[in-house]
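Student: Here is what each chain is made of, one letter per residue.
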Amino acid sequence: MGRYLIRRLVQAIPVLLGATFLIFCLVFALPGDPIQMLAGEKRADPNIAAILREQYHLNDPLYQQYLHYMGGVLTGDFGETYTGRAVADIMSERFPVTVQLALIAFAVEAVIGVAAGVSAALGRGKFLDNIVLISTLLLVSVPVFVLGSIAQLTLGVQWDLLPISYDENDPMSLLLPGIVLAAASMAYITRLTRTSMMETLRADYVRTAIAKGLSRRRVIVRHALRNALIPIVTFLGADLGALMGGAIITERLFNIPGVGGQLAQSVYLREQPVVIGIVTCLILIYIAANLIVDLLYAVLDPRIRYA
Amino acid sequence: MPDITDKVPAPAAIPPSPSTEDGGGKDTGKAKPERVASMWSDARHDLIRNPIFVVSAIIILFLLVLAAAPGLFTERSPFEKGFCQLSDSASKPSSENWFGFDTLGCDVYTRTIYATRNSIIVGILTTVLTTLVGSLLGMIAGLRGGWLDSVLSRFTEIFFALPLMLGGLLVASIFQTGNVVTVALVLAVLGWPQVFRIMRGAVLANKHNDYVMAAKALGAGTWRIAMRHVLPNAVAPVIVITTINLGVYISAEAALSYLGIGVQSPNISWGLMISDAQSRFLISPHMVLFPSLFLSITVLAFIMLGDAVRDALDPKLR
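Each protein sequence line maps, in turn, to chains A and B.
For the numbering used here, count along the first sequence from 1 and bump the result up by 190.
For the numbering used here, count along the second sequence from 1 and bump the result up by 493.
Since the hints were derived computationally from the structure, they do not count as laboratory data.
Among the hints, a few may not be true.
[Said to hold, decoys possible] One side only, chain B facing chain A, incomplete, derived with CB under 7 Å:
hint	residue
1	Glu-650
2	Ala-654
3	Pro-656
4	Met-658
5	Leu-662
6	Leu-663
7	Ser-666
8	Tyr-751
9	Phe-774
10	Ser-777
11	Val-792
12	Ile-796
[Stated by the list, open to error] Looking from chain A toward chain B, a few residues come up when the C-beta cut is under 10 Å (computed):
hint	residue
13	Leu-206
14	Leu-212
15	Ala-219
16	Leu-220
17	Leu-327
18	Leu-328
19	Val-332
20	Pro-361
21	Ala-428
22	Ala-432
23	Arg-442
24	Tyr-476
[Claimed, not checked] Here are the in silico distance ranges between beta carbons for each label pair:
hint	chain 1	residue 1	chain 2	residue 2	range
25	A	Arg-493	B	Asp-807	17 to 27 Å
26	A	Gly-261	B	Lys-574	58 to 68 Å
27	B	Ile-617	A	Ile-241	46 to 56 Å
28	A	Arg-233	B	Asp-581	35 to 45 Å
29	B	Leu-775	A	Leu-264	48 to 58 Å
No residue lacks a Cβ here, since even glycine has one placed at the ideal position from N, Cα and C.
Using the sequences and the hints, build the whole thing.
Tutor: Spelled out as structure tokens, the structure:
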């Protein structure tokens, strides 16, 4: 177990280095000059621009800038923006909001998705199953910005059930965006659970469990669902990172000051340190979530052991 | 006597073998039962009987006609002079103009019809690019193995850690031209690792099968083994993922355009139309409604097609 963990952590290093370097190259390939962006419409004063360029190491070759940056990251310093604000400061302001949003979406998709999937699998071919199949198909096909607008119009404005824009003092205001963000993944999890459950329900050990007289509930939850969960947990793990980084549209729709909006703005302003800092954090989250998923396999299925 | 027995089965063998695959079948008569049961003819049989496939195929055919010849459905063109009249700004749908007008007084119906082409082009082009690059590299990685495989696999892992919209935001900001081809390129840059992973997995699963070993023992070269023995057995999962992805890419194009970094004006895109009209959604919902409807139906049709193809090619997942 310990050795497995260490091996996985070591394997994550090249991915992290490669990803940050790739992002570094991408951000540098962005057309436009960040120092000129600071000056807005006017032409930047060449003397000041030269000093700033020197100060932010913009004259160095790319690999040197990368090494310099990574050196900083390893000591916990994410650098500062070209206007002198610490990137860590911006991230600590933006990440909590996005994490809240992602966790709400995560809970929604996990709970509703699995519940709907299980009930569809139990009533295969019946009315409920067909409802689930059709509604998941619709949820997957309607793009998030359309779904968000519809939700705002109906649930928010017409029926006045939930607030339609973010308010930091009102935790309920993240509920509607969370549901909208979760919708597509929820539909996917529902279908995955349905398929996976139908397969395990046919397994011999489930028949044995029924034959020895266990209650229906116990057979479904302990024997079938637990074994059916593995592909679902895999998807959920990979999706956690996607929920945080992929919330750009949802955050814009509901006016949420999260990571996605910051990222879009920073790409526009060519604030390279902010973009790289945020993306690095997102990749770390993705790697950690996948590692946790792999460790969870052993919990769900005792046959899986890590040496 | 031998003349007759030779002739009798020949006409009977014609109906079940109109398929062009199944290379090297000269002995038409005897192979009749095996021919019927090939995986592809099974899949075709399943597909034609699947109502989901039929419905989605009809919708997609209709969309292809819309994309190829939008002029058949509307007399006007969004590129003609005087197409937009500010006096019509945000007019509601009427019997003459079914979908109403947008803020600039352009006919929403004509624009929605003409936008079909861009969505279809992005979907197909991205799918072709990702499939070509992903399968080629996946096959090389799977067959060669060793350090090349490790490097390529680690490299693709980077893309899996990067959410599509986030990567799209970065890559699209670099290209910055806003036409259909660059949007397809952006999506292809981000999408190929998925095909790579599936192709590599399929190759690895087939690589040590007996028939590959036998071919190797008979002296077949790597190229021949790849093309004749591994590829035909690895192609089904790739087809499944690419048909599903067609819808995903069309949706992603709309999302990028919605964010203002995909297709840009004067090009037309459903995502762009929705984004332009969004701020007036509460007052004039028709400007958002119709492009959204077309976009959703298109994505729905391709996802349904993908579902049907998966059911036909991979019955285990049903």
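Student: Are the hints correct? Go through all of them and say.
Tutor: Against the structure, the hints come out as follows:
1. With 7 Å as the threshold, the beta carbon of Glu-650 (chain B) comes within range of chain A, its nearest partner Cβ sitting at about 5 Å, so the hint holds.
2. Because the smallest distance between the Cβ of Ala-654 (chain B) and any Cβ of chain A comes to about 4 Å, under 7 Å, the interface hint for this residue holds.
3. The interface hint given for Pro-656 (chain B) holds, since its Cβ lies 4 Å from the closest Cβ of chain A, which is under the 7 Å cut-off.
4. For Met-658 (chain B), the interface hint holds, the least distance from its beta-carbon to any beta-carbon of chain A being 5 Å, beneath 7 Å.
5. About 6 Å separates the beta-carbon of Leu-662 (chain B) from the nearest beta-carbon of chain A, less than 7 Å, and the hint is met.
6. A hinted interface residue such as Leu-663 (chain B) counts as satisfied when its beta carbon comes closer than 7 Å to some beta carbon of chain A; here the least separation is about 5 Å, so the hint holds.
7. Of the supplied interface hints, the one on Ser-666 (chain B) holds, with its beta-carbon coming within about 5 Å of a beta-carbon of chain A, less than 7 Å.
8. With its C-beta approaching chain A no nearer than about 5 Å, Tyr-751 (chain B) sits inside the 7 Å limit, and its interface hint holds.
9. This hint holds: Phe-774 (chain B) has a C-beta 6 Å from the nearest C-beta of chain A, less than the 7 Å allowed.
10. Taking 7 Å as the C-beta contact cut-off toward chain A, the hint placing Ser-777 (chain B) at the interface is violated, the least distance being around 12 Å.
11. Taking 7 Å as the C-beta cut-off, the interface hint given for Val-792 (chain B) holds, the closest approach to chain A being about 4 Å.
12. Contact between Ile-796 (chain B) and chain A, as hinted, is supported at the beta carbon level, the nearest pair being about 6 Å apart and thus within 7 Å.
13. The beta carbon of Leu-206 (chain A) comes within 9 Å of a beta carbon in chain B, closer than 10 Å, and the hint placing it at the interface holds.
14. For Leu-212 (chain A), the interface hint holds, the least distance from its beta-carbon to any beta-carbon of chain B being 6 Å, beneath 10 Å.
15. Checking Ala-219 (chain A) against chain B: minimum C-beta separation of about 5 Å stays under 10 Å; hint holds.
16. Checking Leu-220 (chain A) against chain B: minimum C-beta separation of about 6 Å stays under 10 Å; hint holds.
17. Satisfaction of the interface hint for Leu-327 (chain A) is found here, the shortest Cβ-Cβ separation to chain B being roughly 7 Å, below the 10 Å cut-off.
18. Annotation: Leu-328 (chain A) was flagged as interfacial toward chain B, and the flag holds, the nearest CB pair being 7 Å apart, inside 10 Å.
19. This hint holds: Val-332 (chain A) has a C-beta 5 Å from the nearest C-beta of chain B, less than the 10 Å allowed.
20. Taken as an interface hint, Pro-361 (chain A) does not check out: its beta carbon lies about 25 Å from the nearest beta carbon of chain B, beyond 10 Å.
21. A hinted interface residue such as Ala-428 (chain A) counts as satisfied when its beta carbon comes closer than 10 Å to some beta carbon of chain B; here the least separation is about 7 Å, so the hint holds.
22. The interface hint given for Ala-432 (chain A) holds, since its Cβ lies 5 Å from the closest Cβ of chain B, which is under the 10 Å cut-off.
23. Taking 10 Å as the C-beta cut-off, the interface hint given for Arg-442 (chain A) holds, the closest approach to chain B being about 8 Å.
24. Residue-level restraint check for Tyr-476 (chain A) holds (minimum Cβ-Cβ distance to chain B is 4 Å; threshold 10 Å).
25. Roughly 25 Å separates the CB atoms of Arg-493 (chain A) and Asp-807 (chain B), a value that falls within the hinted 17 to 27 Å.
26. Between Gly-261 (chain A) and Lys-574 (chain B), the C-beta spacing of about 60 Å keeps the proposed range 58 to 68 Å intact.
27. The hinted window of 46 to 56 Å between Ile-617 (chain B) and Ile-241 (chain A) holds, with their beta carbons roughly 51 Å apart.
28. Between Arg-233 (chain A) and Asp-581 (chain B) the beta carbon distance is about 42 Å. The supplied range of 35 to 45 Å therefore holds.
29. For Leu-775 (chain B) and Leu-264 (chain A), the Cβ-Cβ distance of about 50 Å falls inside the hinted range of 48 to 58 Å, so the restraint holds.
Consistency note: the structure conflicts with the earlier hints numbered 10 and 20.
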